[in-house]
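Trainee: Based on these hints, arrange chain B on the given structure of chain A.
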Amino acid sequence: MLNPDSVGRTFAGAGSIAVTQSEIDAFASVIGESDTSVAPPTFSIRATLDQSEAILSDPQVGLDWSRVVHGDQKFEIFTPIKAGDVFTCSSTIETYRVAAGNEIVTVRSDLKAGGVVALSSWSTLVVRA
Amino acid sequence: MINVGTVIPERSFTINRALLKSYADASGDQNPIHQDEAFALSVGLPNVIAHGMLTMALVGKFVTDWAGGAQKVQTFGARFIKPVIVPADTDVDLTVTGTVTAIEDGRISIELSATSAGIKVLGMAKATVSK
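The listed protein sequences derive, respectively, from chains A and B. The opening position of the first sequence corresponds to residue 691 in my numbering, with each subsequent residue numbered one higher. The opening position of the second sequence corresponds to residue -15 in my numbering, with each subsequent residue numbered one higher.
Chain A with its partners taken away, still in its complex shape:
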């Protein structure tokens, strides 16, 4: 079960995330996008994957990744991501409830450059009973 004390808390990712052109190119290629001057709108999921997984599986949060299903996803993009961008990532456990034994967690992740939020994303994760 998720640690209820983690709800409402924000956890900082370790270190920074540097976006490379080859990561953008690989992601764009899968969806047939040839313009890689900016990243596709869902690319940040690639950039934040390692850090948000590490944050959520930290024992003080306690999310069980092996049973997670992605419920919904939203992005708010303030500044499009480009190669060479360097971000810090933080994740906030915004809401948590249990329904029919399933845990439903909403996590907001912010990518910041120079203290300014470039992109926020919200993931609803369902931990199956």
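Simulated from the structure, these hints should not be mistaken for laboratory data. Among the clues, some could well be false.
Stated by the list, open to error - Below 16 Å or equal to it, Euclidean Cα-Cα: the simulated EDC-like pairs (lysine to aspartate or glutamate) are: (1) K772/A with D725/A; (2) K104/B with D73/B; (3) K772/A with D715/A; (4) K110/B with E766/A; (5) K764/A with E95/B; (6) K772/A with D695/A.
Mentor: What follows is chain B alone, placed relative to chain A:
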């Protein structure tokens, strides 16, 4: 001319196991439910399923092509209501349409629909793009 009610023409994307492998490598999401049929069946799924985020990435491509580039996209969200099921050696479709629902302050709101094999796979799929 873009108005409220303008329909973005339907477009079909092809999803197969090779695409799931490419997306897994490009996204870093190597969850075996998207690649390993025996594993997918063992956890109660009907077959290998596409990454929800791959479905969303393809719908994102539909939006950016219409809007004139990824830099136009301000918000994009969807609910994953049904999996896209991807049997071995099979091409499955992801069919996408969109409708303009609002135009205000230089922003265009779009409601999106995505189906695979006739089944709606995304709910509440919406984007806003700058004009």
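Trainee: Now look at each hint and say whether the structure bears it out.
Mentor: Status of each hint after checking the structure:
The hinted pair formed by K772/A and D725/A meets the criterion: a straight-line CA distance of about 11 Å does not exceed 16 Å. Taking the CA atoms of K104/B and D73/B, the gap is about 22 Å. The hint is violated against a cut of 16 Å. About 11 Å separates the Cα atoms of K772/A and D715/A, which keeps this hinted pair within 16 Å; it holds. Taking the CA atoms of K110/B and E766/A, the gap is near 12 Å; set against the 16 Å cutoff, the hint holds.
Proposed proximity of K764/A and E95/B is supported: the alpha carbons are some 14 Å apart, at most 16 Å. For the given pair, K772/A sits about 36 Å from D695/A by alpha-carbon distance, which is inconsistent with the 16 Å threshold.
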